[in-house]
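Model the full assembly from the supplied sequences, consistent with the hints where possible.
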Amino acid sequence: MSQWLIQSAWLIPCYPLIGMLLSIIWFPAITRRTGPRPAGYVNAITTFIAFLHGLLALFALLNQPPLYLSVSWLQVADLNLVLPLEISALTIGATVLITGLNLLAQIYGVGYLEMDWGWARFYSMLAFFEAGMCALVLFNSLFFSYLILEILTLGTYLLIGIWFNQSLVVTGARDAFLTKRVGDLFLLMGVLAIYPLAHTWDYDGLARWAETAEVNPALITLVGLALLAGPMGKCAQFPLHLWLDEAMEGPLPSTILRNSVVVATGAWVLVKLQPVLALSPVVLATTIAIGAVTAIGGTLIAIAQIDVKRSLSYLVSAYMGIVFIAVGSQQTEAGLLLVLTHALAMAALVASCGSIVLNNITQDLTQLGGLWSRRPITGLSFVIGALGLIALPPLGGFWAILKLADGLWATRPALVGLLLVINALTAFSITRTFGLIFAGDVKPMTVRSPENLWAITLPMTILAGLVLHVPMILQSVDLLPDWATLNKDVALLLTWSSIFGVSLSAVLYIGNVVKKPIQLPWKPLQDLFAYDFYTPTLYRSSVVGSVDIVSRITDWIDRYIVDGLVNLVGITSLFGGEALKYGNSGQTQSYVLTIAIGLILTALWMSWSFLSHLTLTAQLISYITGS
Amino acid sequence: MLSLLIWLPILGAAIIGFLPASVPTRQIRNGALTISGVALLWTIWLLLRFDLSEAGFQFREYLPWIETLGLNYELAMDGLALVLVVLNSLLTWITLLSSSKQTERPRLFYSMILLVSGGVAGAFLAQNLLLFFLFYELELVPFYLLISIWGGAKRGYAAIKFLIYTAMSGALILAGFLGLIWLTGAADFSYQSAMGQTLPIGLQTLLLGVLLVGFGIKMPLVPFHTWLPDTYVESSAPITILLGGVLAKLGAYGVIRFGLGLFPEAWSNLSPVLATWAAVSILYGAMAAIRPKDIKRMVAYSSIGHMGYILLGAAALTPLALVGAISQMVAHGLILAILFHLVGVIEQKVGSRELDVLNGLLNPIRGLASISSLLILGAMASAGIPGLAGFIAEFLIFQGSYSVFPIQTLMAVVGTGLTAVYFVILLNRTCFGKLDTATAYYPRVVFEDRFPALILAGLIVFLGVQPTWLVRWTEASSSAMIATVPIAAEQRLAATPSITLTD
Numbered sequence: 024m025s026q027w028l029i030q031s032a033w034l035i036p037c038y039p040l041i042g043m044l045l046s047i048i049w050f051p052a053i054t055r056r057t058g059p060r061p062a063g064y065v066n067a068i069t070t071f072i073a074f075l076h077g078l079l080a081l082f083a084l085l086n087q088p089p090l091y092l093s094v095s096w097l098q099v100a101d102l103n104l105v106l107p108l109e110i111s112a113l114t115i116g117a118t119v120l121i122t123g124l125n126l127l128a129q130i131y132g133v134g135y136l137e138m139d140w141g142w143a144r145f146y147s148m149l150a151f152f153e154a155g156m157c158a159l160v161l162f163n164s165l166f167f168s169y170l171i172l173e174i175l176t177l178g179t180y181l182l183i184g185i186w187f188n189q190s191l192v193v194t195g196a197r198d199a200f201l202t203k204r205v206g207d208l209f210l211l212m213g214v215l216a217i218y219p220l221a222h223t224w225d226y227d228g229l230a231r232w233a234e235t236a237e238v239n240p241a242l243i244t245l246v247g248l249a250l251l252a253g254p255m256g257k258c259a260q261f262p263l264h265l266w267l268d269e270a271m272e273g274p275l276p277s278t279i280l281r282n283s284v285v286v287a288t289g290a291w292v293l294v295k296l297q298p299v300l301a302l303s304p305v306v307l308a309t310t311i312a313i314g315a316v317t318a319i320g321g322t323l324i325a326i327a328q329i330d331v332k333r334s335l336s337y338l339v340s341a342y343m344g345i346v347f348i349a350v351g352s353q354q355t356e357a358g359l360l361l362v363l364t365h366a367l368a369m370a371a372l373v374a375s376c377g378s379i380v381l382n383n384i385t386q387d388l389t390q391l392g393g394l395w396s397r398r399p400i401t402g403l404s405f406v407i408g409a410l411g412l413i414a415l416p417p418l419g420g421f422w423a424i425l426k427l428a429d430g431l432w433a434t435r436p437a438l439v440g441l442l443l444v445i446n447a448l449t450a451f452s453i454t455r456t457f458g459l460i461f462a463g464d465v466k467p468m469t470v471r472s473p474e475n476l477w478a479i480t481l482p483m484t485i486l487a488g489l490v491l492h493v494p495m496i497l498q499s500v501d502l503l504p505d506w507a508t509l510n511k512d513v514a515l516l517l518t519w520s521s522i523f524g525v526s527l528s529a530v531l532y533i534g535n536v537v538k539k540p541i542q543l544p545w546k547p548l549q550d551l552f553a554y555d556f557y558t559p560t561l562y563r564s565s566v567v568g569s570v571d572i573v574s575r576i577t578d579w580i581d582r583y584i585v586d587g588l589v590n591l592v593g594i595t596s597l598f599g600g601e602a603l604k605y606g607n608s609g610q611t612q613s614y615v616l617t618i619a620i621g622l623i624l625t626a627l628w629m630s631w632s633f634l635s636h637l638t639l640t641a642q643l644i645s646y647i648t649g650s
Numbered sequence: 002m003l004s005l006l007i008w009l010p011i012l013g014a015a016i017i018g019f020l021p022a023s024v025p026t027r028q029i030r031n032g033a034l035t036i037s038g039v040a041l042l043w044t045i046w047l048l049l050r051f052d053l054s055e056a057g058f059q060f061r062e063y064l065p066w067i068e069t070l071g072l073n074y075e076l077a078m079d080g081l082a083l084v085l086v087v088l089n090s091l092l093t094w095i096t097l098l099s100s101s102k103q104t105e106r107p108r109l110f111y112s113m114i115l116l117v118s119g120g121v122a123g124a125f126l127a128q129n130l131l132l133f134f135l136f137y138e139l140e141l142v143p144f145y146l147l148i149s150i151w152g153g154a155k156r157g158y159a160a161i162k163f164l165i166y167t168a169m170s171g172a173l174i175l176a177g178f179l180g181l182i183w184l185t186g187a188a189d190f191s192y193q194s195a196m197g198q199t200l201p202i203g204l205q206t207l208l209l210g211v212l213l214v215g216f217g218i219k220m221p222l223v224p225f226h227t228w229l230p231d232t233y234v235e236s237s238a239p240i241t242i243l244l245g246g247v248l249a250k251l252g253a254y255g256v257i258r259f260g261l262g263l264f265p266e267a268w269s270n271l272s273p274v275l276a277t278w279a280a281v282s283i284l285y286g287a288m289a290a291i292r293p294k295d296i297k298r299m300v301a302y303s304s305i306g307h308m309g310y311i312l313l314g315a316a317a318l319t320p321l322a323l324v325g326a327i328s329q330m331v332a333h334g335l336i337l338a339i340l341f342h343l344v345g346v347i348e349q350k351v352g353s354r355e356l357d358v359l360n361g362l363l364n365p366i367r368g369l370a371s372i373s374s375l376l377i378l379g380a381m382a383s384a385g386i387p388g389l390a391g392f393i394a395e396f397l398i399f400q401g402s403y404s405v406f407p408i409q410t411l412m413a414v415v416g417t418g419l420t421a422v423y424f425v426i427l428l429n430r431t432c433f434g435k436l437d438t439a440t441a442y443y444p445r446v447v448f449e450d451r452f453p454a455l456i457l458a459g460l461i462v463f464l465g466v467q468p469t470w471l472v473r474w475t476e477a478s479s480s481a482m483i484a485t486v487p488i489a490a491e492q493r494l495a496a497t498p499s500i501t502l503t504d
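As you go down the protein sequences, you meet chains A and B in turn.
If you're matching positions, the first sequence starts at 24 in the working numbering and goes up one per residue.
If you're matching positions, the second sequence starts at 2 in the working numbering and goes up one per residue.
Be a bit skeptical, because a hint or two may be false.
Said to hold, decoys possible - Examples of chain A residues lying across from chain B (beta carbon under 8 Å, computed):
#1 P51
#2 L97
#3 I174
#4 G184
#5 F187
#6 F200
#7 L201
#8 R204
#9 Y218
#10 P219
#11 T577
#12 D578
#13 V585
Stated by the list, open to error - Below, computed lysine to aspartate or glutamate pairings styled on DMTMM-like, alpha-carbon distance capped at 25 Å:
#14 A:K546 to A:D571
#15 B:K294 to B:D437
#16 B:K155 to A:D429
#17 B:K435 to A:E137
#18 B:K155 to A:D578
#19 B:K294 to A:D578
Stated by the list, open to error - Here are the computed distance ranges between Cβ atoms for each label pair:
#20 A:N86 to B:V462: 37 to 45 Å
#21 B:Y63 to A:W579: 48 to 56 Å
#22 B:P25 to A:I48: 30 to 38 Å
#23 A:Q549 to B:Q349: 51 to 59 Å
#24 B:V462 to A:G58: 22 to 30 Å
#25 A:Q549 to B:E355: 37 to 45 Å
Hint data in this document are derived by calculation from the structure and do not stem from the laboratory.
Ideal placement from N, C-alpha and C gives every residue a C-beta, glycine not left out.
Encoded structure:
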């Protein structure tokens with residue numbers, strides 16, 4: 024039985040795929056009678072099956088070596104594309120995380136989208152993401168990772184665009200698609216360029232090749248940077264971070280998934296690519312630099328947001344930035360650990376924010392407040408999520424960041440300092456959000472605020488429970504350091520940075536000492552953070568602007584130069600311009616005739632000497648000329 | 002066996018053309034569908050009989066005709082011709098399905114379509130240069146009529162423009178062929194005898210240039226493309242499917258069969274120029290597609306860019322890239338057909354193709370939800386999203402050409418990014434957004450509107466997920482064709498490591 028579960032683990036992405044296809048039946052355009060709700064239930068069932076299969080296979084795999092399967096996908100000319108599957112405790116564990124979070128998000132969606140008619144589309148897209156992400160972790164090849172990332176880019180476009188009749192949603196979906204596509208295309212360039220060098224796309228093969236590779240440093244730097252761009256887009260790193268902010272226009276249950284695991288797809292590929300990236304020190308330094316800028320910038324921006332979802336989404340960028348730092352400094356294990364703890368903690372945070380947003384009908388932090396006594400369960404879930412995120416013992420985030428900081432302590436102390444700052448800022452930001460929602464005075468929007476129905480509350484509390492259990496899970500798979508090897512200096516520093524951030528923020532936002540809204544002393548600086556470093560404007564005046572201008576120029580050239588010139592040369596000389604444009608009467612026939620005759624004459628003239636060689640024409644000519 | 006593909010539609014065209022006026026339109030349409038359906042089934046049967054391991058020409062047919070002119074009735078097909086013949090048969094059938102049941106002057110309309118289908122099949126199968134030319138010119142007049150009678154408001158202008166360009170293209174091709182035979186002193190116009198020519202390289206290049214311009218007009222490639230937007234936009238939806246799906250492929254087929262096939266040496270000398278030309282074409286087409294406000298014009302411009310990929314694949318002279326180029330012809334034919342069909346349905350139901358007028362069509366109650374969903378699929382296939390047929394063709398081209406022309410390939414990759422830009426503009430403005438419920442009283446979308454698109458969508462997804470079925474037919478032929486470029490092949494093998502490793 025257990026062997027069968029492992030052998031058939033490739034089925035895990037197939038279950039949600041089936042659910043996705045089945046949901047099509049309940050599209051309002053196809054089935055009206057039942058309403059779209061059955062699509063949600065069907066998908067919850069298929070997701071549950073996938074989760075169960077993954078969980079059982081995981082237990083079976085814990086004391087077994089990984090299983091490698093391969094399927095030939097395409098063989099053409101000298102290119103042989105084999106799809107390699109890696110079924111190991113790590114990959115199956117990742118699918119369990121994905122399907123589990125997805126199941127909770129789907130149940131959450133039942134409550135959250137109670138009145139929505141887009142169920143079938145929504146659930147099929149959630150299932151699409153689930154299938155894609157499960158496949159991504161199982162497929163052990165750069166080429167197939169690229170394939171799936173690109174397909175998921177399309178999924179992002181459709182999932183953000185669920186409520187497509189709102190204009191902000193439409194632009195958000197567009198920007199998400201194009202930003203991610205930019206990353207994907209650079210990744211494609213990297214995929215194309217790495218093959219002639221390594222002659223393989225398998226991650227294992229790439230790692231083996233990277234051990235002994237002797238390549239031109241300039242070339243491998245370019246390739247590495249291109250490969251880096253794909254994860255940058257997915258993980259919403261500067262300067263490709265804007266989409267995650269705009270994606271917050273989409274429905275909240277999908278945000279649970281997006282902020283926790285979808286962004287992590289990029290991190291997964293980054294971790295897998297680490298041996299290749301390590302071939303060029305420039306690429307590693309760039310990875311760290313991008314991660315550092317995003318982490319610092321993201322936390323600063325998060326503090327300046329008044330939209331609760333956006334504030335959380337910038338923290339997601341920041342945490343992915345820390346993963347980038349981890350990979351750049353070759354601490355991939357710490358990076359993966361961070362992905363896990365961040366996913367669960369962030370899911371709990373988003374779920375509890377959603378629980379607030381849903382029945383207070385606002386996500387504006389300035390209109391919320393004083394909810395602690397009214398919403399104790401949500402409040403507790405939020406607190407647990409927050410504690411699981413930042414580096415405060417004993418929950419998960421602490422151990423992940425500790426592992427990273429410990430690895431950096433001896434070699435790059437500056438990065439440890441950076442981590443302390445990021446952690447303090449995150450703690451500050453998350454406490455600020457807590458304070459603005461749960462502390463302070465009751466606002467008009469929060470006067471009546473009961474806890475939600477079970478479909479919302481249950482997934483939220485389960486997520487909080489999972490966050491609480493992360494240390495035990497880590498303990499059971501020997502990922503926690505024991506007391507003897509624990510780097511106590513780093514642990515203390517991290518703890519103090521969290522305490523510093525939390526308490527400073529608590530004084531400002533929970534205590535009633537400072538008058539709200541709190542302003543930075545210098546307004547332009549506050550605006551710089553609040554408006555996301557003016558990135559949208561920057562985009563508009565750079566990339567978008569230049570494409571716009573070039574397309575205008577092309578259009579003009581096409582209209583007046585290419586077409587005009589051809590019309591001038593080709594047509595005017597033959598028939599005299601204007602007549603032709605209106606020549607849809609009997610005149611056209613005469614044009615056709617002219618052309619046909621001209622054609623024949625040309626043909627005869629061109630072939631004259633040839634024709635005269637041929638016997639028949641020679642006879643004809645001699646006959647005519649009488650010789 | 003092959004003759005049936007040509008003469009069945011042409012015979013059908015004759016029968017339908019001379020039916021009495023009392024026969025109702027619906028029956029004429031069904032008759033045409035039957036004829037083209039039989040041709041399609043016959044094509045599929047040929048597909049099953051086709052020997053994949055054989056790189057050369059199969060199903061050869063020979064009938065002496067005007068031997069003194071060197072013109073004989075010679076037909077045969079290899080992998081390249083096979084997939085294009087299948088595409089032709091399929092898209093003819095789809096075109097007929099997509100045509101309105103209330104078409105005016107149905108006898109002329111349907112007989113012209115069948116005539117085009119037979120003529121195009123003949124051109125793909127012809128093994129004699131003059132015979133190819135005859136079939137190539139044969140579809141000119143039916144197309145002229147199809148555009149000028151059933152087209153849009155400016156159809157006269159569009160039809161004449163199409164005619165002039167295509168006639169130019171024909172004249173250049175004829176000139177190229179005659180020049181080739183005359184200079185080599187071959188006994189007849191058969192493809193085989195023209196193939197082994199050993200002309201001085203200068204003459205080869207000259208003749209190749211003439212043919213490239215000739216076929217480049219038909220494909221079309223920048224800067225010979227300006228007939229295309231006008232013609233496509235003014236033609237009715239079924240005709241656009243034929244124009245974009247089949248006729249454009251005739252140009253691409255000519256470039257590969259007669260450009261690369263007959264002048265391998267000159268081709269390999271010119272290949273850097275061709276690759277650059279392809280890259281420019283791709284970027285130009287994509288950039289030009291961003292501005293228009295008419296969705297049909299946007300799709301038409303997308304076609305220009307996509308033709309560039311074919312040229313890039315052919316220019317790279319690696320088997321992989323050539324297989325990719327041929328697959329791109331098929332994929333592009335299917336994708337363009339679904340896009341033009343759906344744009345036609347939208348135009349018919351909503352009454353507009355303007356981006357500023359269309360909005361929120363994805364609305365499930367009052368909009369065109371199923372049509373919009375299929376439009377998203379088609380547009381994404383065209384933008385090269387994996388899992389759909391367009392991606393694998395483009396990927397094979399890129400992978401095959403990267404080691405030879407890295408810069409041009411990367412430019413082409415940028416081109417796919419720009420393709421996504423204009424398709425997202427198109428989708429955002431038509432499918433997304435708020436439907437104006439005050440004016441949205443559209444006719445119901447019936448099953449017949451969806452059916453052709455569903456078939457095409459099924460094929461696009463199937464070939465995207467199982468690309469083996471797209472590439473297997475052409476692999477042997479492509480490798481054989483590349484093998485005729487001996488010098489180039491050696492150079493490439495020697496050059497590949499140095500390009501990628503030392504630079």
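Status of the hints after comparison with the structure:
1. Look at P51 (chain A): its Cβ gets to within about 4 Å of chain B, closer than 8 Å, so that hint holds up.
2. A least Cβ separation of about 5 Å between L97 (chain A) and chain B falls short of the 8 Å threshold, and the interface hint therefore holds.
3. Contact between I174 (chain A) and chain B, as hinted, is supported at the beta carbon level, the nearest pair being about 5 Å apart and thus within 8 Å.
4. A least Cβ separation of about 6 Å between G184 (chain A) and chain B falls short of the 8 Å threshold, and the interface hint therefore holds.
5. A hinted interface residue such as F187 (chain A) counts as satisfied when its beta carbon comes closer than 8 Å to some beta carbon of chain B; here the least separation is about 4 Å, so the hint holds.
6. Given hint, F200 (chain A) at the interface with chain B, holds; its Cβ is 6 Å from that chain's nearest Cβ, closer than 8 Å.
7. Here the hint on L201 (chain A) is kept, as its CB sits about 6 Å from the closest CB of chain B, short of 8 Å.
8. Below 8 Å, beta-carbon pairs count as interface contacts, and R204 (chain A) has one with chain B at about 5 Å; its hint therefore holds.
9. At a threshold of 8 Å, the smallest CB-CB gap from Y218 (chain A) to chain B is about 7 Å, leaving the interface hint in force.
10. Against a cut-off of 8 Å between C-beta atoms, the interface hint on P219 (chain A) holds, since the closest Cβ of chain B lies about 4 Å away.
11. At its closest, the beta carbon of T577 (chain A) sits 4 Å from a beta carbon of chain B; the interface hint therefore holds under the 8 Å criterion.
12. Because the smallest distance between the Cβ of D578 (chain A) and any Cβ of chain B comes to about 4 Å, under 8 Å, the interface hint for this residue holds.
13. For V585 (chain A), the interface hint holds, the least distance from its beta-carbon to any beta-carbon of chain B being 5 Å, beneath 8 Å.
14. With a C-alpha separation of about 33 Å, the suggested pair K546 (chain A) and D571 (chain A) falls outside the 25 Å cut-off, and the hint is violated.
15. Restraint check for K294 (chain B) and D437 (chain B): satisfied, since their Cα atoms lie roughly 19 Å apart, inside the 25 Å limit.
16. Proposed proximity of K155 (chain B) and D429 (chain A) is contradicted: the alpha carbons are some 73 Å apart, above 25 Å.
17. Proximity of K435 (chain B) to E137 (chain A) is assessed by CA-CA distance (about 22 Å); at most 25 Å being required, the pair is judged to hold.
18. With a CA separation close to 20 Å, the supplied pair K155 (chain B) and D578 (chain A) stays within the 25 Å bound.
19. For a cut-off of 25 Å, the pair hint linking K294 (chain B) to D578 (chain A) stands: about 12 Å separates their Cα positions.
20. At about 41 Å, the beta-carbon gap between N86 (chain A) and V462 (chain B) stays in the expected band of 37 to 45 Å.
21. Our hint of 48 to 56 Å for Y63 (chain B) and W579 (chain A) holds, since their Cβ atoms are close to 53 Å apart.
22. Checked against the hint of 30 to 38 Å, the pair P25 (chain B) and I48 (chain A) passes, with Cβ atoms roughly 37 Å apart.
23. A hinted range of 51 to 59 Å for the beta carbons of Q549 (chain A) and Q349 (chain B) is consistent with their spacing of about 54 Å.
24. At roughly 28 Å, the beta-carbon separation of V462 (chain B) and G58 (chain A) lies within the given 22 to 30 Å, and the hint holds.
25. At roughly 43 Å, the beta-carbon separation of Q549 (chain A) and E355 (chain B) lies within the given 37 to 45 Å, and the hint holds.
In summary, the numbered hints that this structure violates are 14 and 16.
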